[in-house]
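Visitor: Fit chain B to the supplied structure of chain A, relying on the hints for placement.
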Amino acid sequence: MNLSRRHLLKLGGAALAGASMAPVVARAQTPKRGGTLAIRTWDPPHFDPFQTISYKTHIALSFTHSRLLRHKAGPSVVPGAFPIEGDLAESWTQPNEMTYVFKLRKGVRWQAKPPVNGRELTADDIVFSVNHFLTVKGNANAYMLKSVDKVEAPDKYTVKFTLKEPFVWFLDMLANPHAVAIVAKEVVEKHGDLKKWESVIGTGPWMLDSYRPNVGLTYVRNPNYFIQGLPYIDRVEATVDEDNASRMAAFLSGKYDLGWAFPGTIDRVDWVQVKDTLAQRRPNLKTVEFPSPVMNHISMRTDQKPFSDVRVRHAMSMAIDRKAIIESAYEGVGAINPPVPAALKEWSVPLDKLGEGAKYYKHDPAEAKRLLAAAGYANGFPASMCFTTYGTPVLVDIMQLVQKDLKNVGIDVKIDQKEYGAYIATCFYGKFDSMTFGPQTGFLEPDNFLFGQYYPEELKNQSHINDPVVADMLVRQRRTLDLTKRREIIYDIQRHLAKQQYYVQMPSPIYVGVWEGALKNYGPNMGYDYGGRLTAAWLDR
Amino acid sequence: MGVDTVRVVGSFTRRKPLGAIGAVIVVALLLMAVFAERIAPHGYDDTIRGARMKPPSAAHWLGTDNLSRDMWSRIVYGARVSVTVGFATVALAVTLATAIGVSSGYFGGVYDLVIQRVVDAWLSFPYLVIVLSVMAVLGPGLLNVVLSLAIIIAAVNSRVIRGATIAIAQGTYVEAARALGCGHARILVRHILPNVTATIIILATIGLGAAILAESGLSFLGFGVPPPYPAWGAMLSGSGRTYMFRAPWMAIWPGLAISLAVFGFNMLGDALRDVLDPRLRGGSAR
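Which chain is which? The protein sequence lines are A and B, in order.
Numbering-wise, the working numbering puts 267 at position 267 of the first sequence, and it's gapless, one number per residue.
Numbering-wise, the working numbering puts 195 at position 195 of the second sequence, and it's gapless, one number per residue.
Pulled out of the complex, with its shape left as it was, chain A reads as follows (with noise of 0.2 Å):
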């Protein structure tokens, strides 16, 4: 089945269903205290959130680290919703459009570990991670900020922010798990930067109390955390296991509390698998369905024949199965994606709202044909395909469909696969003659969506797209602090960026959230803060 919007409301409200249910039984029931919850992990490269992209990291950092925002988690959050609520921050104004104050939480406590050895944390310390954040050398996340002018401690507990532009989605960023980490000067004096795991030192829930390369990460309850009470759990005990055949055993004899993908899940393949047999070995298992945020596409050199003329990127978009694609490589269930991907419920345009452009996503090989043949590409034409696996089969699976699709409308596609290393330092940045296949950052908001790739000049401007009319309204979007004609900017958008079709979107999985039912209070969502999701949880058992 590919899912409609209607489709998706169900989902969500399905998933606010069973999520709104779970605060009563909250209520009915005392937290408890204690216990160690496990996970399945990933080894990060090295701890430094400034030097990295790498979800490997961010994940790591997400139990031991504040920021000044966060995105509120647990039951009563729909997944695919990023509500924002203060974590170092106590409260926060906005004087004017181009100007923050955020008032700190008083009598927070770094680590007690050395060199800061649990001193307060105050105002400063906010400047300082925000413009190392800012001017540290290799930090490609820079970009979500690059709307700071400055930043000011005007007294040790408030944080004033000034914008050079407007930028409505700065809130949004600072909540971000991927932007910044608030970590303390004296640490990174005495390191030279934040790569080692000793100097892990943050203000989060736990403190990261040991690492063992490729094998795990362990962390314990920080007890001077800000919030008096939390976390609830003792220990989380993160396994770094890098085979599936072993993750899915491990998580089959009830060794990991979460579901061992990418963000608490199980991917559909193997959940088709195992689903039945979980039901009699772990019956109290819970679980909640919501679309990926991930999606891939085609990307092209859309300053180039023959991708810059639009028909020949039409008929590319109608020469692609989507619904064989979610049929053979998602098990039947996913969600055709516009420019912004369906699970961003709030701002991805509905299909059937798309307009003229929605005839693009429709499956009509003929119509593709005729299309190249007025382009005048009757016979088609020969490109590439830059790509990596990740890893992942069903990457490898998808491609393979488009490859096939492409051919029978008459484009010969030959692969370029690469090593992943060598895949991001070139194609991931447009750095390619022909066209690129592969995944995108599965972002929490459309900005990063669209802004990043359709923007001229951008890094991730993969298709090289110089179009007036879409950098003009990306720029309006992001000074439209009005919620209703932000959104209706964002769907213009959608639906210009439909009829032009630099990129060709894939659809995108559902994700099968699971967690062990002992676990209390905690709700799955997209994005890597799996400390924040488990910072209000507690186990009982």
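The set of hints was computed from the structure by calculation and includes no laboratory data.
Hints are all accurate, no fakes.
Below, in silico cross-link-like pairs of lysine-lysine (DSSO-like), each with a Cα-Cα straight-line distance of 27 Å or less: (1) A:Lys275 with B:Lys54; (2) B:Lys54 with A:Lys407; (3) A:Lys499 with A:Lys353; (4) A:Lys305 with A:Lys404; (5) A:Lys323 with B:Lys54; (6) A:Lys113 with A:Lys103; (7) A:Lys185 with A:Lys146; (8) A:Lys404 with B:Lys54; (9) A:Lys345 with A:Lys485; (10) A:Lys407 with A:Lys431; (11) A:Lys56 with A:Lys195.
If we take Cβ atoms under 8 Å as the criterion, some of the chain B residues that face chain A in the derived model are: (12) Asp45; (13) Arg52; (14) Gly139; (15) Pro226.
The beta carbon of each residue, even a glycine, is placed where N, CA and C say it ideally should be.
Guide: Okay, now just chain B, sitting in the frame of chain A:
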């Protein structure tokens, strides 16, 4: 086929039954590789509507995969990758090994010393480290697989060929040729090379199995021939492993194909060694 040929084949089969089975497998593999288009009922990337993960049946002898492709057809086309990599790798490796081994063994002295220390260094690296380094630099692809495997196999084989050359170079007929004023080139081509040919053939046959297995390993790790062209190792590691519980035939057939191919080449290589090596002639080893 003449009477003599039939007699030779019959004799070989009686003396070396495992070798004969190996030969049958190798011939079958060659036929599959050469005539894949005629043997396979479907193209290797043809998707058959409504046939996703169907178990083996009359319509699809080996079943279908998760992308609704006929497994038998993909196994047949996969033989082409194995045979191409096997023969190309061995041809390149043996050529390199012969050049190094024969020259080193024949000339000896400082030249031999230097060359052998280089080979020592070459052999001291774990083979996977060298292969993966080469593949990481050059990228995945058939030619790069051949190159990376050939340089490994060449190092090992050159040592064996050097040993055989040293033994032959001490023969009286080589000494006689030298006394008659033959140059190095003539001695190497007319006297040394013909006498190390049996060793080279044996090394090549045994190397074929090793090359096929190594190619499968590289494809399993994602460094082989890019999809959708089927390579048995990639079929096993990708969808084969993912759907192992629901559609075990997706893993069983490519795994069996690799095992059979390696078994076939190894058995044939063993039998040829027994037949061609004068020291083992008349032995009862099967």
